[in-house]
Structure formats: C-alpha cells, structure tokens
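Build the full structure now, drawing on both the sequences and the hints.
Note that the UniProt record's numbering gives residue 281 to position 281 of the sequence shown, counting from 1, and the numbers run on in steps of one.
Hints are computed from structural coordinates only; laboratory data are not their basis. Bear in mind that the values here come from a model prediction, so they are computed numbers and not experimental data.
Straight-line distance between alpha carbons at most 25 Å, and here's what the computed BS3-like set of lysine-lysine pairs gives:
id, residue 1, residue 2
1, Lys264, Lys130
2, Lys130, Lys154
3, Lys3, Lys67
4, Lys146, Lys253
So the derived label-pair ranges between C-beta atoms look like this:
id, residue 1, residue 2, range
5, His63, Lys146, 45 to 51 Å
6, Gly182, Glu91, 45 to 51 Å
7, Gly81, Arg24, 24 to 30 Å
The beta carbon of each residue, even a glycine, is placed where N, CA and C say it ideally should be.
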Amino acid sequence: MSKYRIRFFSNFCPSENCKDVYERLCESILIENYGSDKDIYITNDDDYTHVIILNTAMPNISHIPKKNVIGLAFEPIYFLGLTEQFVRYAEQYIEKYYIGDKMNLPDPFVERFSHMWHNQPLKYLPEKTKSISMMVSEKNQQSGHKYRHDLINKILETDLPIDIYGRGCMYYEYLNDNRVKGKFNEREPYENYEFHICIENFETNHYFSEKIMDPLLCSTTPIYLGCRNIHSYFPDNVIVLSGDLNNDMELLKNIAENPAKYKKNINNQSIKNKISLLKNIENLF
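The following block contains the structure:
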C-alpha cells in the first residue's frame with residue numbers, strides 16, 4: 001500500500017476540524033494502518049503528500065503531484081457555488097473531483113458519493129420499539145423540501161404510525177397530533193425506529209447525505225428519495241420512494257401494515273466500511 005499523509009483544505013472550516021471529524025467518524029483508533037507512523041494519516045502540518053479539497057477551497061498546492069489530489073463535493077451541484085475560476089483550478093491541480101452530478105463539467109469531475117459527514121457510528125445494536133419516523137425542516141424552496149411537506153400533509157390525514165421530527169413541525173403543531181414531535185436529540189428519529197423516511201433536497205445521480213447514512217448506521221431501514229443510484233452503494237438495504245404522492249402513500253400504508261415484509265437486514269459494519277473515507281482511501285486516489 002502507498003503512504004498517504006493527507007491534508008484537508010475546506011471552504012467551510014479549518015483543516016483541524018476536518019481531521020477531528022474524519023478521525024471520529026471513521027473510528028480511526030480501530031484502523032490498524034492509520035497513525036502518524038502508519039500507511040494513512042491526516043496531518044495539519046506542511047508535511048503532507050496528498051490533498052483532499054472539500055467543496056471549493058483553492059489552496060496553493062503546486063508542489064503536490066496532481067495524482068495525489070482529490071476533491072469532494074459536500075453539496076449538490078446547485079448549492080456548491082462552482083465558479084469558472086474553481087473549475088480551471090480543478091483542471092490544473094485535481095486528479096479527481098467527486099460530485100453528485102457532473103452535467104457538462106470537464107474532467108476531473110467524476111460522479112460518485114463524496115463521503116460526507118454523518119452521526120457518530122453506534123457501538124451497540126439499538127432496540128427497535130417504534131414503527132416509522134420522518135424529519136422535516138422549515139424550508140420549502142427546493143423540490144425535496146416541498147415533497148416532504150406534501151407527504152406529511154397526506155400522512156397526517158391518516159392514522160399511520162409515522163412520527164414527525166424537526167423544525168418544520170411548527171407548521172403542524174396546530175393539529176395537536178401526538179405524532180408531531182418537533183425538536184429532537186441527535187439519534188432520536190432513527191435509533192429505536194424500524195423505518196425512517198428520508199428525502200434529499202434534490203434528486204441527483206450520485207449525491208447522498210447524512211439523511212440516509214444516519215438511519216443506516218442505526219440499522220434502521222431507509223424509505224428513501226434522492227440519489228438515483230443508491231442501490232449501487234447500499235444494495236438490498238433501501239426502500240425507494242417514487243416521488244408520486246399517491247404511490248408513496250400506498251407504499252407507506254403497506255409498510256405499516258406488514259413491516260416484516262419490508263424490513264431490510266442491515267449489516268452495520270458493512271455500512272461503516274462503505275461510507276468510511278479512511279477505509280476507501282486507495283480507491284479514491
């Protein structure tokens with residue numbers, strides 16, 4: 001295996017934050033070949049041999065071979081803020097830049113999952129005592145925002161056992177429905193639920209976020225809409241919504257009536273291996 005001494009550069013946080021977050025989420029203490037004297041190590045110093053760019057940071061890395069530089073898009077392309085200047089920078093300095101949708105972008109942009117951040121992996125298998133949950137924000141601008149609210153309005157017209165969490169619950173409090181839960185603790189919408197409805201803000205080819213990773217890490221079956229190629233990452237672990245309100249309500253009704261038929265057998269370690277940046281370093285570079 002090659003040696004990777006990695007420095008992160010981000011346009012939304014310092015390199016030190018990136019190191020702390022990835023070491024925690026990837027459980028680096030459990031990875032045998034990770035450490036300052038091992039094959040893989042994230043450094044905050046100038047002794048780096050490899051670079052990972054998050055979003056649109058443009059550090060001076062002319063001394064690093066292009067083959068040792070990758071980029072990760074932490075947003076859908078619509079929110080990424082790509083400029084002509086950054087695209088030129090990527091062409092000159094980045095070997096591969098992983099993004100949910102390439103569209104008409106040149107090489108080095110490649111469609112692939114970007115190892116976004118997520119909740120801390122559990123160290124135990126949670127007990128499943130509740131049926132279905134869903135999260136909603138107060139936002140209503142993008143297609144995914146709108147569809148969440150459309151779906152919730154339909155759900156609350158029924159008696160389906162679906163609990164609703166998030167800041168967007170403020171729009172439904174007037175109903176005095178005990179399924180409208182509101183604010184939540186970190187894992188509350190997933191940990192003890194059999195299923196979780198998760199809808200990305202956009203439908204894309206390869207972008208997916210913590211919205212699906214967090215329930216999977218709790219061994220909760222995702223009922224999902226977003227990444228069109230999600231089965232290539234998590235085969236047999238995801239129930240896919242259609243985006244058609246009537247069809248999706250029928251699906252939710254069937255899941256609530258016969259959960260054993262729909263529940264997926266989720267291997268937590270397999271999920272962690274798939275989403276861990278440190279365990280996929282060789283493939284990324």
